[in-house]
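2 protein chains.
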Amino acid sequence: MNILIVYAHPEPQSLNGALKNFAVKHLEQAGHRVQVSDLYAMNWKAVLDANDSLDGQAGARFDPSLDSRLAFEQGRQSPDIALEQEKLRWADAVILQFPLWWFSMPAILKGWVERVYAYGFAYGVGEHSDARWGDRYGEGSLAGKRAMLMVTTGGWEPHYGPRGINGPMEDILFPIQHGVLYYPGFDVLPPFLVYRTGRMDDARYSTLCDALGQRLDRLWSTAPIPFRPQNAGDYIIPELTLRPEVAPGQSGFAAHRRSSFAGDAESGPA
Amino acid sequence: MNILIVYAHPEPQSLNGALKNFAVKHLEQAGHRVQVSDLYAMNWKAVLDANDSLDGQAGARFDPSLDSRLAFEQGRQSPDIALEQEKLRWADAVILQFPLWWFSMPAILKGWVERVYAYGFAYGVGEHSDARWGDRYGEGSLAGKRAMLMVTTGGWEPHYGPRGINGPMEDILFPIQHGVLYYPGFDVLPPFLVYRTGRMDDARYSTLCDALGQRLDRLWSTAPIPFRPQNAGDYIIPELTLRPEVAPGQSGFAAHRRSSFAGDAESGPA
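Residue numbers (numbering that gives the first Met the number 0), protein chains in the order written: chain A, 0 to 269; chain B, 0 to 269.
Some hints here could point you the wrong way.
Between beta-carbon pairs, the in silico distance windows are [what the hints assert, rightly or not]: (1) A:Pro243 <-> B:Met41: 43 to 53 Å; (2) B:Ser128 <-> A:Tyr204: 17 to 27 Å; (3) B:Thr196 <-> A:Met0: 53 to 63 Å; (4) A:Ala59 <-> B:Ala59: 49 to 59 Å; (5) B:Gln73 <-> A:His31: 38 to 48 Å; (6) A:Ala81 <-> B:Arg195: 45 to 55 Å; (7) A:Arg217 <-> B:Gly232: 15 to 25 Å; (8) A:Glu238 <-> B:Arg88: 39 to 49 Å.
If you want the ones that stay clear, here's a sample from chain A, every Cβ over 10 Å from chain B, calculated [what the hints assert, rightly or not]: (9) Arg68; (10) Leu82; (11) Tyr194; (12) Asp201; (13) Ala210.
Reference excerpt, derived from the structure (chain B facing chain A, CB under 7 Å, subset only) [stated by the list, open to error]: (14) Glu10; (15) Gln12; (16) Lys109; (17) Phe252.
Since the hints were derived computationally from the structure, they do not count as laboratory data. The C-beta atom is built at its ideal place from N, Cα and C for all residues, glycine as well.
Could you put together the complete structure from these sequences and hints?
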């Protein structure tokens, strides 16, 4: 299979750099083809602007969505954007790997999403009307592919637990897993998380690599997070709210996962 | 009072540009001093790297936290970073204004946070031990100041409602309001939100400006979001989980707001 790793850490000699190298080697040894978009090494342009079209801004003023659509439709995107889209088309699975900085992805990776996720490629796909709100959340250009986050943080796991001060990691990652990955159609696997990166020694690193290797071996067999597809009946269109009989009484991120009917997996057997 | 607006939109002739100009004028007419960090106009460097210290990386390898700490302590930060920190010290209130892109802030603003929020300035402040986990979440270098988000989105309000497909706006913004603003000490005011920006006409724009003007007039009287301070007894240290008797049985972002005892304000009087 073809795997794209989009990697965002400034230092090759970091824990992230080591885990990235491990992942590439492990996947290649299993017979897969791997490409890495090493955003810092590529000096990736993080800032979305009118230069993302070879024609500059199309109208009297720059419109991030409309100018993106025109450039995508007319084959006038900046070559770095088109190349990343080609890698996404090539990939059967995509891994976004990054350190959690201020409870989200580093700016350089956010800018990769903003620029590569063009109108017509990752959003604005399919019919948009009062009866149908596009092909998204389970459908879209990247449907049929798998995606997974690999995230490191210096904080302790309980700080990110159900009642931890930072908020649950699952919820912190929801805007990425649901809003960035599920939105254009990816099946999203549970993330690979590393806490307390400041306390790493050889033994722990070895255990970590074993765990990562097992996750990579199961890239095609792990069950995705059961987010609810937009266009399969759970949502009222165009309001895009859950129908009253779906997850009755629930609100918030968890209501958009099918398993929330029976409580989260972490709560144990129902 | 002194107000800093950190503004992240690429097009001056946009709705965001107009609202920013309105806010500046409105605040100045009320007698306040206003500075604007117009990140696109400043060509703000979005990407955190070793060049953020005048000395380059300190050790054999670049360490984002440690190199930030050294540069901050020794007055060797890149001048653009030091200048933004000076604006933050000057400000009594800070407004972060941006369009919601992929359920978070634009990369250029994320990079402002990552670079300006140096170790020793916005994190790593105060005693760090097993008995005390620093001055953060309600304490820190920016305590006593107020902050507010101004956020625009093309989506409809119900899409961001309690059962809307994108998740509740309050939860989407939690990593920013709690993780970026409350963390270094800001009192965080409820956000000023504009939905469905594609449907704007003169009448709606006028109403919008009226509402924004009223929010700005109440910048010093609006009650902040009642996030729970880290060091006032609600959390077990060092696990930093809520004590069992605090918000019993609750989990997730809402448990970190005091009002969650009685349900959210939107639920009406208890």
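Hint check results:
1. Remark: the range hint 43 to 53 Å for Pro243 of chain A to Met41 of chain B is upheld by a beta-carbon distance near 48 Å.
2. Checked against the given bound of 17 to 27 Å, the beta carbons of Ser128 of chain B and Tyr204 of chain A, roughly 26 Å apart, stay inside it.
3. For the hinted restraint 53 to 63 Å between Thr196 of chain B and Met0 of chain A, the CB-CB distance of approximately 40 Å leaves it violated.
4. For the pair Ala59 of chain A and Ala59 of chain B, the supplied restraint of 49 to 59 Å holds, since their beta-carbon distance comes to about 52 Å.
5. Distance hint for Gln73 of chain B and His31 of chain A: a CB-CB separation of about 46 Å, consistent with the stated range 38 to 48 Å.
6. Distance hint for Ala81 of chain A and Arg195 of chain B: a CB-CB separation of about 31 Å, inconsistent with the stated range 45 to 55 Å.
7. At about 43 Å, the CB distance of Arg217 of chain A to Gly232 of chain B disagrees with the hint of 15 to 25 Å.
8. The hinted range of 39 to 49 Å is satisfied by Glu238 of chain A and Arg88 of chain B, whose Cβ atoms lie roughly 45 Å apart.
9. For Arg68 of chain A, the non-interface assignment is confirmed: its Cβ lies about 13 Å from the closest Cβ of chain B, beyond the 10 Å cut-off.
10. In this structure Leu82 of chain A is separated from chain B by more than 10 Å, as the shortest Cβ-Cβ distance comes to about 18 Å.
11. Annotated as non-interface, Tyr194 of chain A keeps its C-beta farther than 10 Å from every C-beta of chain B; the closest such distance is 12 Å.
12. In this structure Asp201 of chain A is separated from chain B by more than 10 Å, as the shortest Cβ-Cβ distance comes to about 17 Å.
13. A cut-off of 10 Å between C-beta atoms confirms that Ala210 of chain A is not in contact with chain B; the least separation is 23 Å.
14. The interface hint given for Glu10 of chain B holds, since its Cβ lies 4 Å from the closest Cβ of chain A, which is under the 7 Å cut-off.
15. For Gln12 of chain B, the interface hint holds, since its Cβ comes within 7 Å of a Cβ in chain A; the closest pair sits about 4 Å apart.
16. About 4 Å separates the beta-carbon of Lys109 of chain B from the nearest beta-carbon of chain A, less than 7 Å, and the hint is met.
17. Taken as an interface hint, Phe252 of chain B checks out: its beta carbon lies about 5 Å from the nearest beta carbon of chain A, inside 7 Å.
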